[in-house]
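Once you've looked at the hints, dock chain B against the given chain A.
Next come the chains, spelled out residue by residue.
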Amino acid sequence: MASVSTDRLPAQRLALVDLLDRVLAGGVVITGEITLSVADVDLVTISLRALLASSGALAGDAGRAGDPYG
Amino acid sequence: MMTVTDSPGIWVYAIVDAGDGLTLPKVAGVAGAEVRTAPLGSVTSAGLTAVVSDADLAEFGEDALRAHLEDLDWLAAVAQEHHGVIEAVAQLGTVLPMRLATVYASEASMRAALTGSEPGLRAAMGRLRSRTEWGVKGYVAQPKVPAGGTVPEDSADAGAGMAYLRRRRDALSAQRESWRGASDGAQAAHAELARHCAASRLHPPQSPQLSGRKEAMVLNGAYLLDNDRAAEFSAAVAALNDSDPRLRLELTGPWPPYSFTAADA
Numbered sequence: 000m001a002s003v004s005t006d007r008l009p010a011q012r013l014a015l016v017d018l019l020d021r022v023l024a025g026g027v028v029i030t031g032e033i034t035l036s037v038a039d040v041d042l043v044t045i046s047l048r049a050l051l052a053s054s055g056a057l058a059g060d061a062g063r064a065g066d067p068y069g
Numbered sequence: 000m001m002t003v004t005d006s007p008g009i010w011v012y013a014i015v016d017a018g019d020g021l022t023l024p025k026v027a028g029v030a031g032a033e034v035r036t037a038p039l040g041s042v043t044s045a046g047l048t049a050v051v052s053d054a055d056l057a058e059f060g061e062d063a064l065r066a067h068l069e070d071l072d073w074l075a076a077v078a079q080e081h082h083g084v085i086e087a088v089a090q091l092g093t094v095l096p097m098r099l100a101t102v103y104a105s106e107a108s109m110r111a112a113l114t115g116s117e118p119g120l121r122a123a124m125g126r127l128r129s130r131t132e133w134g135v136k137g138y139v140a141q142p143k144v145p146a147g148g149t150v151p152e153d154s155a156d157a158g159a160g161m162a163y164l165r166r167r168r169d170a171l172s173a174q175r176e177s178w179r180g181a182s183d184g185a186q187a188a189h190a191e192l193a194r195h196c197a198a199s200r201l202h203p204p205q206s207p208q209l210s211g212r213k214e215a216m217v218l219n220g221a222y223l224l225d226n227d228r229a230a231e232f233s234a235a236v237a238a239l240n241d242s243d244p245r246l247r248l249e250l251t252g253p254w255p256p257y258s259f260t261a262a263d264a
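Note that the protein sequences, when read in sequence, are chains A and B. Sequential numbering of the first sequence, starting at 0, is according to numbering that gives the first Met the number 0. Sequential numbering of the second sequence, starting at 0, is according to numbering that gives the first Met the number 0.
One thing to keep in mind: the hints can contain errors.
[To be verified] Distance windows between CB atoms, simulated:
{"id": "1", "chain 1": "B", "residue 1": "A66", "chain 2": "A", "residue 2": "L15", "range": "16 to 22 Å"}
{"id": "2", "chain 1": "A", "residue 1": "L15", "chain 2": "B", "residue 2": "R65", "range": "27 to 33 Å"}
{"id": "3", "chain 1": "B", "residue 1": "G18", "chain 2": "A", "residue 2": "L15", "range": "32 to 38 Å"}
[Stated by the list, open to error] Listed next, the in silico SDA-like pairs over lysine to any residue satisfying Cα-Cα at most 25 Å (straight line):
{"id": "4", "chain 1": "B", "residue 1": "K25", "chain 2": "B", "residue 2": "E69"}
{"id": "5", "chain 1": "B", "residue 1": "K213", "chain 2": "A", "residue 2": "A14"}
{"id": "6", "chain 1": "B", "residue 1": "K25", "chain 2": "B", "residue 2": "P38"}
{"id": "7", "chain 1": "B", "residue 1": "K25", "chain 2": "B", "residue 2": "S105"}
{"id": "8", "chain 1": "B", "residue 1": "K25", "chain 2": "A", "residue 2": "A14"}
{"id": "9", "chain 1": "B", "residue 1": "K213", "chain 2": "A", "residue 2": "V16"}
{"id": "10", "chain 1": "B", "residue 1": "K25", "chain 2": "B", "residue 2": "E86"}
{"id": "11", "chain 1": "B", "residue 1": "K25", "chain 2": "B", "residue 2": "P253"}
{"id": "12", "chain 1": "B", "residue 1": "K25", "chain 2": "B", "residue 2": "R128"}
{"id": "13", "chain 1": "B", "residue 1": "K25", "chain 2": "B", "residue 2": "R130"}
{"id": "14", "chain 1": "B", "residue 1": "K25", "chain 2": "A", "residue 2": "L15"}
{"id": "15", "chain 1": "B", "residue 1": "K213", "chain 2": "A", "residue 2": "A24"}
{"id": "16", "chain 1": "B", "residue 1": "K213", "chain 2": "B", "residue 2": "N226"}
{"id": "17", "chain 1": "B", "residue 1": "K213", "chain 2": "B", "residue 2": "E69"}
{"id": "18", "chain 1": "B", "residue 1": "K213", "chain 2": "B", "residue 2": "L71"}
{"id": "19", "chain 1": "B", "residue 1": "K213", "chain 2": "B", "residue 2": "R35"}
{"id": "20", "chain 1": "B", "residue 1": "K213", "chain 2": "B", "residue 2": "L164"}
{"id": "21", "chain 1": "B", "residue 1": "K213", "chain 2": "B", "residue 2": "Y163"}
{"id": "22", "chain 1": "B", "residue 1": "K213", "chain 2": "A", "residue 2": "L18"}
{"id": "23", "chain 1": "B", "residue 1": "K213", "chain 2": "A", "residue 2": "L15"}
{"id": "24", "chain 1": "B", "residue 1": "K25", "chain 2": "B", "residue 2": "A75"}
{"id": "25", "chain 1": "B", "residue 1": "K25", "chain 2": "A", "residue 2": "L18"}
{"id": "26", "chain 1": "B", "residue 1": "K25", "chain 2": "B", "residue 2": "A89"}
{"id": "27", "chain 1": "B", "residue 1": "K213", "chain 2": "B", "residue 2": "A187"}
Hints are computed from structural coordinates only; laboratory data are not their basis. All C-beta atoms in this analysis are idealised placements derived from N, C-alpha and C, irrespective of residue type, glycine included.
Pulled out of the complex, with its shape left as it was, chain A reads as follows (with noise of 0.2 Å):
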C-alpha cells in the first residue's frame, strides 16, 4: 500500500531552490564572533531576485506575473 503511494508520489530529485530555502532559511544560527551568518535571509533573497530579474529571466512571464492573485 505505501509502495502504491511511493511510486504515485516520487520524493523528486534535490532542487536547487528547494535546498536553498533550508540552507538560507533554516540551519543552527549563533551569534558571536562569526565573520557572516546568513541571518538576514532577505537580504539574500532581495540580491537572487536583483539578479533574476537582471538576467532577463522575467521577461517571458511578464503576462502571468501581472496576474491580480500575484
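Frame of chain A, contents of chain B only:
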C-alpha cells in the same frame, strides 16, 4: 581593520553527538576542503562535536561572501557542498545542520561561540533524534481549459475587441478562482499533514523564476516526522492529492532537519 593573517577561517557544517560515532564518511567540503571534527571540548559538553573544514577567508570572509552570495552559480555550488557534508554526516546519527555560510575567523572563536550555546544545541539535538524532515509543495492544479466554443465569437466587427476583452477577463477570473481554491485546499492539507508529525513549518512560496514552475505555488511546507512514520506520511500526501482536484502536491525528502533547528519550530 582586521589583521592580515595566513590562518584560515572555519566553515561549520553541523553539530553532531560524538556518542553517535565520529568516523566521518569520505566527503569533500566546501571548495573541496577536507572535512574534520572539532570537539567543542568543554568539560560539561562531552560529546558535542562540530563538523568543520578550513575556509579561505579571501573567498569566505565577510566581504567576499556578500559578493559571492549574489552569484547564483557560486551559491548553488556551495549550497550543494554544504548539504553534501551534512547529508553524509546524517548517516551517523542525529545531525544539527548549521545555516549556510556560518564562518568563524578561527577555530578558537568557533569553539567560544558554540560552547556558549551548548544548552540550546543539546535541546535541539534531543528534539531531532530519530526524526527526519520531509517537504510538501502544493501547486494550483492546471485548470481544465474550457473548450474554445464556450465564449461565443462575435461576428460583428465591432464585437471582436469586446470578445477579446471578455475572454481575457474570464481567463483571469478563472485563474483567480483556481488559486483561491488551491489555497483553501493547501491550508486544509497542511493541517492534515501536521497531524502526522512532531513539528511543521511553512516556508514562503518559491519564486517561479527560481523554481522554473509556471503554476502558482500555494504550499511550501516542512514536516518533522518520527522516522517510523515516513510511509504513513507519504500515504497521507497521496490521499490528499487524490481527494482534492484543485491542488497538486509533491513530496520531497528525506531532508536533514534544516527547518527544525530553532526552538520555536
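Each hint, compared with the structure:
1. A66/B to L15/A: 16 to 22 Å: holds (20 Å)
2. L15/A to R65/B: 27 to 33 Å: Once the Cβ atoms are compared, 20 Å apart, the range 27 to 33 Å for R65/B and L15/A is violated.
3. G18/B to L15/A: 32 to 38 Å: With Cβ atoms ~34 Å apart, the hint holds.
4. K25/B to E69/B: Measuring from Cα to Cα gives roughly 30 Å; hence the hint is violated.
5. K213/B to A14/A: Distance of about 16 Å is within 25 Å: holds.
6. K25/B to P38/B: holds (19 Å)
7. K25/B to S105/B: Roughly 24 Å between the alpha carbons, so the hint for K25/B and S105/B holds.
8. K25/B to A14/A: Satisfied, since the Cα-Cα distance of roughly 23 Å is no more than 25 Å.
9. K213/B to V16/A: The hint holds at about 14 Å.
10. K25/B to E86/B: The hint holds at about 12 Å.
11. K25/B to P253/B: Holds, at about 21 Å.
12. K25/B to R128/B: holds (23 Å)
13. K25/B to R130/B: Given that 25 Å is the threshold and the Cα spacing comes to 24 Å, the pair holds.
14. K25/B to L15/A: holds (23 Å)
15. K213/B to A24/A: Holds, at about 24 Å.
16. K213/B to N226/B: violated (33 Å)
17. K213/B to E69/B: holds (24 Å)
18. K213/B to L71/B: Measuring from Cα to Cα gives roughly 20 Å; hence the hint holds.
19. K213/B to R35/B: violated (42 Å)
20. K213/B to L164/B: Holds, because 23 Å separates the two Cα atoms, which is no more than 25 Å.
21. K213/B to Y163/B: holds (23 Å)
22. K213/B to L18/A: Holds. K213/B to L18/A sits at ~19 Å (cutoff 25 Å).
23. K213/B to L15/A: holds (17 Å)
24. K25/B to A75/B: holds (21 Å)
25. K25/B to L18/A: holds (22 Å)
26. K25/B to A89/B: holds (13 Å)
27. K213/B to A187/B: Answer holds: K213/B to A187/B is near 23 Å, not above 25 Å.
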